[in-house]
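Put the two chains together into one complex; each comes in its own frame, and the hints tell you how they fit.
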Amino acid sequence: MKASPVFKSRSLPWLLLVPTLAILLVFLYFPVIQSFVLSLYRSNLFLGTQRYIGVENFRNIFSGTLAPGFRQVLLQTLLFSGVVVASGLAGSLALALLANQPVRGARVYRLLLIWPFALSPAVAGTIFLFMFNPEVGLVNQLLNALLGIKPRWLDTPALAFSIVCMAAVWKNLGYNIVFYLAALQNVPAELGEAAQIDGATGAQRFLAVTFPLLSPMTFFLFFTNLAYAFFDTFGLIDIVTAGGPVGAPPFDHAGVTSTLIYKIYQDGFGGAANLGFAAAESVVLLALVAGVTALQFRFGGRRVYYGGA
Amino acid sequence: MRRTRWLSHLLLVVACFFVMVPVLFAVIKATQTDTAVLTPSLLPGGELLINVHAVWVKARLGVFIRNSLFVALLVTVGKTLTALLAGLGLVYFSFRGKTVAFVLILLTLLLPTEVLIVPLFDLIAQRPPAGWAAFWSWLRDPVKVFLTPLPHGFGWSNTFLALTIPFFASATGVFLFRQHFMSIPRELADAAKMDGAGPLRFLLRILIPMSANTIGALAVIQFVYVWDQYLWPRVIIRREDLQMVQVGLNLIIGTGEGVQWGYVMAGALLTILPPLLVFMLLQEQFMRGFALSQSK
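From first to last, the protein sequence lines are chains A and B.
Counting in my numbering, the final residue of the first sequence is number 367, and the numbers go up one at a time with none missing.
Counting in my numbering, the final residue of the second sequence is number 978, and the numbers go up one at a time with none missing.
No lab work stands behind these hints: they were computed from the structure.
Just so you know, these numbers come straight off a predicted model, no measurement behind them.
This list has only true hints and no planted wrong ones.
Calculated Cβ distances over 12 Å to all of chain B for the following chain A residues:
hint, residue
1, Ala144
2, Ile207
3, Ala266
In silico contact screen, one side only, chain A against chain B (beta carbon under 8 Å); selected entries:
hint, residue
4, Arg68
5, Leu86
6, Val181
From the three backbone atoms N, C-alpha and C, an ideal C-beta is built for every residue, glycine too.
Just chain B, same shape as in the assembly (with noise of 0.2 Å):
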């Protein structure tokens, strides 16, 4: 018994040591010197703080990550409200045509935003139309909405507006929060009603303080999926001011020769910081709220 356990702890140092070993190098290259960077020395270095600041500030990281951290936040509280709304309506209300709305909303659960990349970029970015009447023509004409092509769109290409409004919905969410409200006790809504609160009250007095775990597991998902994002930036937004994280971690290496790596291995660190912090202080609910019901 002791032998095994002691072979268990071996088994379990080397594995660790195999998943860290990419991040290690990055931490030890992240605080050495310009010329050191480029030396297999892999002795910690005193630069740390030094790259830190010129990838913030000569590199831009810190624009990048502004950015950002402001697009996660702004989606992540429109999705959870959206998801929350909707939730409450499917499941405390009845009306005609709920199952349909519901599999709309579920069907979308299947559809990664990636594979219409180019008719979400035509959308976004043509021009919008240049009145309401020339929109109401065109929203009239089903054979020019549903056959033929786009003549105008949002206009939304180099704005925060493209890479926030059409990601304030949320299947999983609005799947999770009806999973979760109807595993709570119908008496508490009839309690509620009694009481004279109408729905909107009881979802903020007793829904949402209720749903601690869910809402948990949501931030982090969802925080993570937007600061993770690349694709969708990468082609609507070409200014270097309004850019993302990710893709502007790729404009920092930039091409070709040169490369500042100590400065780049700072950067893809601070890069990681923010959904590690996410990730730890929620992992609790994270873990009740989402991985526990997936197994059930």
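Okay, chain A solo, but in the shape it has when bound (with noise of 0.2 Å):
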């Protein structure tokens, strides 16, 4: 529905237009196309040269030597990420249908569920760091009081990945539960009574009824928690692991727990501190990117119930 426009000027919208986009132009767009350019140079950060080198970035990223560090971390990016949104999802999920029923205090159980909403992936990182530390932290002053070990987390490649995992998902549990929280109250009530007089089960309701209902909700939050696994998840890696430890062959190249992000601020700031080809691993990243939100856009219209029409 487009109604006419109420005042009348040729310059005051754009006026009123420019700060947004002179920032978004300057800090945004402008910066996407440096990164193809920078993306062909080899660049270094603390020395500032830089050298044209045409494809060979890229080359580096997809064969010869840097090429199966850049594989593992890919791969251990999408292992994360997968882990991160069907556990965070389904988890969150389970719990707010949980908080959902009309039980005496659901308030306050609301409360207690969705307050980790106010936690950063920092500090998350932080309380699990401790927790997990092998010589005082209560998980293994537990396990050794209980049965006498004391596994090295943070430095054995499986146990450290799971552990960002769980924190990752932890971190994010509020705030998946706010939004499945205020779909399931447009969940009209009446359908499920209706499901229930017709001699459904609990499940059979659940899976017949509530769940398509939820569809756009979970549509959305799947791509906004890959979102987060990608992006935010940075500062609770960086606390709890760095990025470490190294893995065992194959995912001896880079440590387990990189992930894409990870790396580039690694590649670009870190040691080597090689610009170019941390900006050649963000074009790679950026096409990742469109990729998914082509995606997103594919199929948002469809198999997912918007309500009504």
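In structure tokens:
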């Protein structure tokens, strides 16, 4: 529905848009162009040197000595995102369903479940770092007292990977529960009751009624959680493992908890300070983001129940 | 029926407990002495204020929190203002290029700053050009602008400018205000115009008061977004006295042995407080202005 404009002016609307557009053009669109430009150079952060080398950075990413590291990190990022998104959504949906029941004190339960919304990745990381500290952490002190074992959580590749996953899921529970609770409040109770009269069990009701009605929210949360796993978990990883530890072959080319964004940070701002190579990796990541976005639009209109028409 | 209700309570208590465990642990440890904190003891001690004081003053968390509060409030206000203006322009005017402008803004929703960390660092950190003449000669040459690496930048490393100015635009905000303004009856704007109100007065007197929920929802999202920022301050701020709180937390943990866990936990808890407060205060607006509108 398009209504006719109220105010008439040629210049004023542009003046109103200039602050937003100028910031976005200078600090987002221009850097996009620059990441393509920089990816064609050998550029050192500390020395400030720049030399045009064509597509050599990309050749290094996809074949050559640096390729196995990139492939490993790419695989890890996908695995990490898969675990974080799947278990994060399943867990928070279960908790939201639980908190949506009409019991006494439901408000209190809801509050207790959604407060992790205020957690930051860095805080979640800090608390987990202490809990899983091999000597003074709570987990090992309990395990030592009960079973007499003290696993080196953060130095053991598989364990470190799972701890980062756990902390990442925990941090995002509040956010997901807030949105699932809001969506559940829009599910009409009559539908569930009608199904119950027809003899549907709780599980059947969930699968046939509630879950399809929640699909737009699940769709929305799938992509926000994917972005979270790709980018926002940086602080958590930096604090808990700093991207390490290096795994056993074939995971021996990089730290097992390094995600793509972490690798970009390490390559560009770490010891090698190779901004050009990091920029080339950013271009690949940009392409990945564009691909995911295309998927989002491709399936956005379908398969998802949007209510009404 | 009674049994299932009892079961629901039990499940809810267990669920809440598991979600709370890490923070309960942090709370208890933040109250213990330097020696007790390293033992398995989970008995609360009486050292909370001492730990808070130590982390605030000695470990300089106070400085980090002040920096983050200042930057987060400034960015929240800045984003809200630019988004309100853009929303006004997009809904109540008609002009050539409107769709292009809107799409240009909307597309950035899909573009996380983190992907651009390398070129953004380059743009912000490099030294500024010698003068306007040098800048103009660069800007006039499309080959230099679009095809070669930047020779100059803003020279903003280690300043709050780097943490604020690049974030003064909000695609989410523009999008939400546009949606909200379109749902406001046209008659109001017509009436305001008949009374002789210009667009800006219409914004101040009518649109802003009618947008409390949307403004509240945005404030929550944006405040939390800036408060939680990590990667950008980590690379662009190298001076400790200017650092933001999340990176500051990592500085407080420090490296290697001898971490003062009691006050690190106190610091982690203090870092949660401001977003928790904002969220509690604006929870209603947030749910009404954002969460509910998303599910439609």
